[in-house]
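Just so you know, the protein sequences line up as chains A and B, in that order. For the first sequence, the working numbering begins at 2 and goes up steadily by one. For the second sequence, the working numbering begins at 127 and goes up steadily by one.
Calculated directly from the structure, the hints in this document are not laboratory data. Because the structure is a prediction, the values reported are computed rather than measured. Any given hint could be a false lead.
[Unchecked claim] One-sided and incomplete, this derived list gives chain B residues near chain A with beta-carbon spacing under 7 Å: (1) Asp378; (2) Ala380; (3) Thr383; (4) Pro387.
Quick reminder that beta carbons are idealized off the backbone N, C-alpha and C, glycines included.
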Amino acid sequence: MYIAQVTLAKPILSTPGNPTLQVVPLGSTLSAADNNQDGEYRQYAAGRIRMITTPTEQLAEQVTLIGLTFAQYNLVQRWMGEIVLYRDTQRRRIYGGYLAVRDERRTRSSVGEHVDVTVTFQRLSYSDKV
Amino acid sequence: MQPITAAPRGALTSAQVMQALERAPAVSIDYGYELLTGSYTAPTVTDLSNYLVKDTAAKVQRDNTATVQGSCTFTTEYAHNWGADRIRLYQLWYVDGLLPGNAPVRFDLGHFMVTTPEVILGQSIPQYQVTGWDTMYLLQQPVGGSYSAPAGQSFYVAIQNVLTASGVPQFSFVDPVVSTKTIQNDMVWPISSNATWVQIINEMCAACTMRPMFVDYTNILRVIPDVDPTTLPSEYTFVAGDTATGRAKDADWAAHTTIAPGNRSLARDAWNVPNHWIFVQNNLTFEPTNGSGRYEVNNVSDGPTSQTAIGRTITAPVVFLDAAGQADLASQGEQIVRKAKNIAEVVKFDTGPMPLAGHYDILTLTDPTLPASDDRRLVAQQWTLPLAGGDMSWVCNVATPGAWGSGVQAPGAGTGTSDIPTYIPNRYLHFT
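Turn these sequences into a full structure, and let the hints steer you where they fit.
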């Protein structure tokens with residue numbers, strides 16, 4: 002049995018429901034990640050402090066998709082609030098969703114006018130087993 | 127309280143369970159629920175935890191003084207057969223290194239009928255905020271006619287007959303202790319009384335000196351003899367500060383206490399506490415006199431509410447009782463006097479989650495800031511357990527109210543390492 006590891010040349014954003022519909026930006030950056038565990042430090046008598054958590058972890062990752070065409074930008078906007086799959090050249094594979102899109106319009110000589118889009122993925126529990 | 131190592135913790139030791147409950151410095155608490163179908167004693171179990179919408183408002187709570195004592199609140203995306211589905215809630219406690227494979231310690235929190243959904247509108251997947259009630263709810267239906275139990279019938283048979291007539295066939299009466307008492311006079315509930323099954327059962331229980339029926343966390347119907355709670359051993363000790371009792375329970379108590387530092391209060395109610403009572407037996411064919419259908423109690427000098435201490439006689443409303451004879455009338459009367467003659471003390475406090483909490487738990491609170499004495503023996507009246515691991519709240523009556531200087535009941539003996547909750551099976555008569 003052979004397991005192939007595929008390293009992407011460019012990041013890809015798609016939806017699990019229709020993986021052939023893809024947004025392929027020129028590049029992407031993962032600029033920040035917040036990993037939060039639900040829970041709290043609970044204080045009890047005599048100054049005892051106990052950590053009580055729940056198994057829920059919240060992982061939010063901020064990704065900037067660089068050099069999108071306006072058609073791709075529209076697609077990214079359309080997928081707001083839906084489950085998307087983000088894969089990048091670092092073999093990251095994130096099922097998540099985002100509820101906001103921040104865009105910056107730029108002009109680069111190589112691609113002309115385009116959009117850089119920043120979204121914050123909230124990682125979601127998703128099984129792609131069939 | 128729940129037996130500490132009964133199923134689903136049958137493979138664990140008491141020390142392991144208590145390590146999770148009070149000693150581990152860090153725990154992770156999850157919760158889930160299961161749909162139970164078919165038999166009450168061996169149901170088919172379907173886990174629906176994936177449908178739960180986890181939130182901090184989810185809780186199980188218990189009011190031991192209510193007719194349907196247990197209830198729950200949670201949010202689910204599962205569309206239940208509302209009013210018919212029976213579910214079981216549970217908590218899972220994960221403690222690093224406690225069990226092989228980091229397996230959780232599971233606590234079942236009771237069976238509930240999911241009756242009252244509130245659906246949140248405008249969402250792509252409907253969410254139901256559910257209130258559920260324990261299965262005493264099934265007995266809270268009106269009889270829809272008159273009901274009677276004849277004189278001479280044992281209460282054992284009488285209560286069994288009510289359960290059968292209620293149409294809840296899974297329950298049967300297996301402990302014959304109350305069969306030693308018989309109904310003295312015909313007990314009749316006319317159609318105009320609009321009595322419910324549980325009302326009839328509880329009036330029968332009262333007539334044979336039992337507390338009202340309840341259902342435990344395994345869905346077994348039980349009744350408890352209405353005995354003086356101060357004669358029962360303490361099931362658990364909450365240590366709120368440095369006291370002799372706290373040190374006896376656990377020399378390293380400060381590292382293991384689970385009582386919250388704030389929100390503790392002690393209230394007293396001395397408003398018109400009676401010191402004179404008259405009890406009359408129901409359904410007599412003759413005029414009752416003291417010693418023959420009538421029982422009278424004067425608290426002349428016992429405690430701070432006595433006629434001597436108060437300087438006047440405060441008569442309680444006459445109480446009519448379905449007694450099985452003069453001795454039973456006196457016994458029931460004394461039970462009422464015992465509860466009523468004391469200045470009521472109510473203690474409220476918060477603790478870390480304690481999913482072993484049960485029905486009328488006998489607790490000890492040891493707290494150096496309590497007036498008069500560090501310790502109070504408590505009878506838990508209400509508790510609320512947040513399912514997501516939040517601190518729980520307790521409302522307890524003091525079993526023997528201290529007279530602000532005397533009369534405080536001695537606490538239960540500590541084990542020296544951990545005051546492991548004691549299961550007292552002979553407190554229960556159970557229906558299964």
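Hints, one by one, checked against the model:
The restraint placing Asp378/B at the interface with chain A is violated, with a minimum CB-CB distance near 10 Å, outside the 7 Å limit. Among the interface hints, the one on Ala380/B holds; its C-beta lies about 4 Å from the nearest C-beta in chain A, closer than the 7 Å criterion. Hint status for Thr383/B relative to chain A: holds, with the closest Cβ pair at about 5 Å, below 7 Å. Nearest Cβ of chain A to the Cβ of Pro387/B: about 5 Å, under the 7 Å cut. The hint holds.
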